[in-house]
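Student: Below are the chains, spelled out letter by letter.
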Amino acid sequence: MSDELLVSTRKGLFTVAREGRGWEIAKVDFLADNVTLALSDRRSGRKYAALDHGHFGVKVHRSTADGWEEIATPAYPEKPEGLEENDMWGRPLPWSTVRIWALVSGGADEPGVLWCGTLPGGLFRSKDDGQSWQFVRALWDHPLRKMWAGGGADLPGIHSILVDPRNSKQVSIAVSTGGIWHTGDAGETWTQRGHGMRAEYMPPEQVSEPNAQDVHCLAQCRAAPHRMWVQHHNGVFVSSDEGHNFTELTDVKPSAFGFAVVVHPREPDTAWFVPEIKDEKRIPVDGKLVVTRTRDGGKTFQTLTKGLPQSHAYDVVYRHALAIDESGDRLAMGSTTGGLWVSEDQGESWACVSHTLPPVYAVQFG
Amino acid sequence: MARVVFTPNIQRHVACPEAEAPGATVREVLDAVFAANPQARSYVLDDQAALRRHMTIFIDGVMISDRKDLGDAVGDRSTIYVFQALSGG
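So the sequence lines, in the order shown, correspond to chains A and B.
If you want the working numbering, it's the 1-based position in the first sequence plus 541.
If you want the working numbering, it's the 1-based position in the second sequence plus 105.
Hint data in this document are derived by calculation from the structure and do not stem from the laboratory.
Treat the hints with care, since some could be wrong.
Cross-link-like lysine to aspartate or glutamate pairs, in silico, EDC-like; alpha carbons within 16 Å at most [what the hints assert, rightly or not]:
#1 A:840 with A:783
#2 A:552 with A:593
#3 B:173 with A:682
#4 A:668 with A:726
#5 A:687 with A:628
#6 A:620 with B:151
#7 A:620 with B:174
#8 A:668 with A:651
#9 B:173 with A:625
#10 A:710 with A:628
#11 B:173 with A:619
#12 A:568 with A:628
#13 A:687 with A:625
#14 A:710 with A:650
#15 A:840 with A:808
Could you put together the complete structure from these sequences and hints?
Tutor: Now the structure itself:
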């Protein structure tokens, strides 16, 4: 059971702690700076914050005994002279870290290992707690990587990284847009997975192409890693074979569109989503913020509303802004309009911690 | 030795004191400055060592033209200003 939350926002990193019977903001770091993502590494006790200083670029900070220190930012290798590579808009693709979009710990058996996904699609691995980063060249050099495209952002990006709890060398990632990829050897070789998803906005020949899929978020059950859940641009998908194949779940009310998904750490059939109107509007249906939950692998979904605003709510919960703790009982979510809610009963009821935070980009239990 | 002055706005994130450094081009001068202050480098240059998109550099009041290779000539008594567009929100 976790009593701490890291909340990354447009204007700082908020540490929210359970005090007595409620959750309160206990600390603010990097106030007024754009904190796009944070990681609490339970193996080392260290915390990491990804900052985007705009004109001055992306930086990574790591907690120390008495504060924070700037550490290495994942950096792309030198672009070969004469190489022409354009993004989907015909502009030169930057070989440069534009955004850190995924930051996760390696396995329990590999202390110091971190994985980092970025825009424009580069994946990095650190073996020394982020002191240095190695570019995962095999993925970048894969011919299909060049077909990746921007989703909501102009550039493609890796937003989900899942280290298999049974074998730390097995890592699955998800790309918007570029579908799902898997390595069984800690990044030396990569294969495409994620068959069965559909991208209805693509030309007919591309609708079922795994590399064209706009996966918004990929989640894996820790106790049953064969089970993966996807919140996709086109809906909700579930896999029972480690992400090789997915089945679409269409009867999801009030909407199958959204960004975030989390799965219970021990119950593979239980997952949560935060629906929005698909797809250009992107606000809660009827102005009511709800969480949808399935307990039976997607056969049925419950709409959970207790404690959430049910009138004129225009909160969007981004892909990293819905979190679950290791107990599976506590969930938290933050919204683009500065709302932060915590549930201690698997989403049955929610308590508002604040509705005046800066836009929330990411929430993680400590 | 060229004189190098950094925008005050960068100082909140990383110390960039005014410096003097040798070099015949912007690249040579900045390489010398960042050799002594390596943490500042990535605040000004991107992963390919080009000038960051919203950063700019003036030499004696004239904006440089070579943002990629930083090959603009620098005089021995030049002043180089490193600054950025301002935005907020």
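Student: Next, verify each hint and record whether it holds.
Tutor: Hints, one by one, checked against the model:
1. Proposed proximity of residue 840 of chain A and residue 783 of chain A is contradicted: the alpha carbons are some 19 Å apart, above 16 Å.
2. Pair hint residue 552 of chain A plus residue 593 of chain A holds up; C-alpha atoms about 11 Å apart against a cutoff of 16 Å.
3. Of the pairs offered as hints, the one joining residue 173 of chain B and residue 682 of chain A is violated, with about 24 Å between alpha carbons and a cut-off of 16 Å exceeded.
4. A C-alpha spacing of about 15 Å is found between residue 668 of chain A and residue 726 of chain A, which places the hinted pair at or below 16 Å, so the restraint holds.
5. Of the pairs offered as hints, the one joining residue 687 of chain A and residue 628 of chain A holds, with about 9 Å between alpha carbons and a cut-off of 16 Å not exceeded.
6. At most 16 Å may separate the alpha-carbon atoms for a hinted pair to count; residue 620 of chain A and residue 151 of chain B meet this at roughly 12 Å.
7. For the suggested pair residue 620 of chain A and residue 174 of chain B, the alpha carbons sit about 13 Å apart, so the restraint of at most 16 Å is met.
8. Using a Cα cut-off of 16 Å, the hinted pair residue 668 of chain A and residue 651 of chain A holds, with the two alpha carbons roughly 8 Å apart.
9. Restraint check for residue 173 of chain B and residue 625 of chain A: the C-alpha separation of about 15 Å stays at or below 16 Å, so the hint holds.
10. Using a Cα cut-off of 16 Å, the hinted pair residue 710 of chain A and residue 628 of chain A is violated, with the two alpha carbons roughly 30 Å apart.
11. Pair hint residue 173 of chain B plus residue 619 of chain A holds up; C-alpha atoms about 13 Å apart against a cutoff of 16 Å.
12. Between residue 568 of chain A and residue 628 of chain A the CA atoms are separated by roughly 40 Å; this puts the pair beyond 16 Å, and the hint is violated.
13. For the given pair, residue 687 of chain A sits about 12 Å from residue 625 of chain A by alpha-carbon distance, which is consistent with the 16 Å threshold.
14. Distance check on the hinted pair: residue 710 of chain A and residue 650 of chain A sit about 10 Å apart at the alpha-carbon level, within 16 Å; holds.
15. Annotation: proposed proximity of residue 840 of chain A to residue 808 of chain A holds, straight-line Cα distance about 15 Å (limit 16 Å).
Against the hints set out earlier in the document, violations occur for numbers 1, 3, 10 and 12.
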